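Chains A and B supply the protein sequences, listed in that same order. With my numbering, letter number 203 in the first sequence gets 203, and the count goes up by one each step, no holes. With my numbering, letter number 161 in the second sequence gets 161, and the count goes up by one each step, no holes.
Calculated directly from the structure, the hints in this document are not laboratory data. Every value quoted in this text rests on a predicted model; they were computed, and no experiment measured them. Treat the hints with care, since some could be wrong.
Only part of the chain A face toward chain B is listed, based on derived beta-carbon distances under 7 angstroms [to be verified]:
1. Asn48
2. Ala51
3. Thr185
Straight-line Cα separation of at most 20 angstroms, DMTMM-like style, residue types lysine to aspartate or glutamate; simulated pairs [to be verified]:
4. Lys271(B) x Asp157(A)
5. Lys308(A) x Asp319(A)
6. Lys308(A) x Glu196(B)
7. Lys115(B) x Glu145(B)
8. Lys249(B) x Asp225(B)
9. Lys335(B) x Glu145(B)
10. Lys166(B) x Asp202(B)
11. Lys41(B) x Glu25(B)
12. Lys42(A) x Glu287(B)
13. Lys308(A) x Glu153(B)
14. Lys185(B) x Glu145(B)
15. Lys271(B) x Asp319(B)
16. Lys42(A) x Asp202(B)
17. Lys42(A) x Asp95(B)
18. Lys185(B) x Glu196(B)
19. Lys41(B) x Glu287(B)
20. Lys39(B) x Glu27(B)
21. Lys39(B) x Asp67(B)
By construction, the Cβ of each residue, glycine as well, lies at the ideal position given by its N, Cα and C atoms.
Residue strings, one per chain:
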Amino acid sequence: MASNVQGARDGKVKQPFKISQEGVVTAIAAILFVVFSVVLDKFLTQGNILALLKNVAILGMLAVGMGFVVVGRGIDLTMVAVMVVGVAFAIWLATQGFTFGQAIAVGALLVACCGLVTGVLIAVAEVPPIFATLAMASVIYGGGRVAFNSDVLYAPDGIGWLTFIGSGTVLGIPVSVIIFFAVATLIALFLRFTRFGRFVYASGDNPDTARTMGLPARPVLILQYVISALIAYAAGILLTGLVSGINTRLYNSTLIYDVLLVVVLGGISLSGGQGGVRNVMVGTVLVGILINGMTIMNFSYTSQNLIKSVILLGALALDAVINPRDEQTSQSGDI
Amino acid sequence: MIFKKMTVAVLTAAMLAGLPAVAKEIEQVGRQTYLESLKDKRVIFIPLSQGMDLNQAWTAVWQRHADRYGFEFQVRDPNMDTAAGIRALQGAIADRPDVLIVQNPDIQTYARALKQAQQAGIKILQINMQSITQTDSYVGNDWIEMGRLEGGELARTCLAPDAPSKKIVWLAGVQTGAANIYMRKGLDEILAENPELELVSDQPADYDSEKARQITETVLQQHPDLCGIMGIWDNAEVGAGAAVLAAGKQDQVTIVTNGAGAHTACDSIDKGLLDVVYNFNAPIQAEIAAQQISEFMQHPDRPAGSEKTVFFGPITRVDASNATGRNCWTIDQLK
């Protein structure tokens, strides 16, 4: 064991110049971007680049929330459930005599409560996050399923701001893209410059030490899930603006795994304490370029999934070769 | 004298009282037999998911029949989970209902279980989505005709002299579903008949409005002169409509799809998200199926699988001119 550690350390010394997974993914994204720009006719146009970003705005926003939790050595599988049920609840309230603004506010409250319960389960009851959030996702979606009969709920007509965030532009940039970048920037600044943000890193890196050092580990953990739930809710409102309604069946789709994939792909380790919003952005952009290019090339669904998986696996494998696991980097909690 | 008068009065009263007794014997021909053959029979329905508008329409109609004529009607909802669907099917076979109604997720998954059910002597009605195993009855869409109708609509629009181009898009649901396979066959026939039509994109939207929006947005960047889009479910194609609206091309791009005929489709036509919906009128499908169910129950002597009937329901073309009244039902009207 000791010699292993020693060997790993020696390896590190021999390799002063280190390529991170983020770097690998950025390089792949850049190569794909150049190849598509050359090969595909109208790929490199302002319109297409904006469409590309708009198409990953929801995925990216969810991934920012997920990344935030993963940095704190958690995982939040409730995000899609919270997103669809929270917004569906708000739309339902709006049909019961509330104004849409009030309904959105009450929905936010419900969503925050969901995050709070999840957080308490993990922080106080000490249920492992993967099980707690998996179970909570079922509870939240199941509750929603009982309350609303239909999978698809349409937002009320004539809500100006909702249409604006869905299809409006500011200086030629779609509002949905601006909102995505705003949320990402906010979380990035929050993680980097606030005391709470540093606590998230500290407790993600080593929860026991963080607690021993006197950090408020439990409140930090609980608040993380509340924030990720609220980000999911914001993504849901954006989605409603984009397509004028919400399809609660998204819960049954692979969206939550795509979100997780973006986070891991960008280089945020599931063992916590590392990475940040920049990693999420890199992962999101790679997935966006891939999907956009393949849609333009009109690849079949099956081959799209195959190519996407192969490229993602390739990125992870390359990272494993460049940054081999050792006692230092593989921690308990790493999946 | 008084005694005689009283006797007459009593006799008259007795005669008058006797008249309704004669009336009681009036009976609508066959009603009693009908009631007896339906009473206490059991019908189990295994849907894809009860969250869809078509399913809600079917069950509302069947429940009304069950309440009125005293048979038992149960829904066992696997909520889009095919494994749960198989379990529900096996459970239903063990329960031995008089009639089993099945909505298939695809043509293969339930094929063997349906054979088993039939061998166990249960009469099976397949509704709207078929399996490769043909059972006692199929009531639902003529999906090849649906593909021809939608494709034909686009052929008429996009081959007209004033059409923006001859480019069309096919937004599938999931490519393994029976409805998709057959609709694609119909579309292929139209494409063969009209070789000038150009199919520029052929991607599945997975019955999800956001996916439909993303594909449409990307395709519109590549083909700004796009003429038409055809899809398979009105609730998904509103996403395509949102992308077209956001691009300001609602007068250029014709969006054709089909649906159960719920009022939400009419609302989408009013909002300019959809142009034409081929309405397969789920409530009428359900009435036809109810007729078939009652026929099964009235002929217990016919063994399961001895007859194989197919009935294709009505299809109505709905656009802005007739998006009212019976073409736009609400669930409450069906109960």
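Quiz item: Has the given pair, Lys115(B) with Glu145(B), been kept, meaning a C-alpha gap of at most 20 angstroms?
Solution: Status violated; Cα separation ~27 angstroms.
Quiz item: Can the restraint linking Lys166(B) and Asp202(B) be considered satisfied, given a maximum Cα separation of 20 angstroms?
Solution: holds, 15 angstroms
Quiz item: Is Lys42(A) within 20 angstroms of Asp202(B), Cα to Cα?
Solution: holds, 18 angstroms
Quiz item: Holds or violated: Lys39(B) with Glu27(B), Cα cutoff 20 angstroms?
Solution: Holds, because 18 angstroms separates the two Cα atoms, which is no more than 20 angstroms.
Practice problem: Sort out whether Asp67(B) lies within 20 angstroms of Lys39(B), counting only the CA atoms. | Solution: Holds, at roughly 10 angstroms.
Quiz item: Between Lys42(A) and Asp95(B), is the straight-line Cα distance small enough, at 20 angstroms or below?
Solution: violated, 59 angstroms
Quiz item: Keeping to a limit of 20 angstroms between CA atoms, is the pair of Lys271(B) and Asp319(B) held or broken?
Solution: holds, 12 angstroms
Quiz item: When the nearest CB of chain B is found for Asn48(A), is that gap smaller than 7 angstroms?
Solution: Interface hint status for Asn48(A): holds (4 angstroms vs cutoff 7 angstroms).
Quiz item: Are the Cα atoms of Lys335(B) and Glu145(B) separated by 20 angstroms or less?
Solution: The given pair, whose Cα atoms are some 30 angstroms apart, is violated under the 20 angstroms limit.
Quiz prompt | Interface restraint verdict for Ala51(A) against chain B (beta-carbon cut-off 7 angstroms) | solution = At about 5 angstroms, which falls below the 7 angstroms cut-off, the nearest Cβ of chain B leaves the hint on Ala51(A) intact, so it holds.
Exercise. Take a quick look at whether Lys185(B) and Glu196(B) sit within 20 angstroms of each other, Cα to Cα.
Key: Roughly 18 angstroms separates the two Cα atoms, so the pair holds.
Quiz item: Keeping to a limit of 20 angstroms between CA atoms, is the pair of Lys41(B) and Glu25(B) held or broken?
Solution: violated, 26 angstroms
Hints 3, 6, 7, 9, 11, 12, 13, 17 from the list above are not met by this structure, while the remaining hints are.
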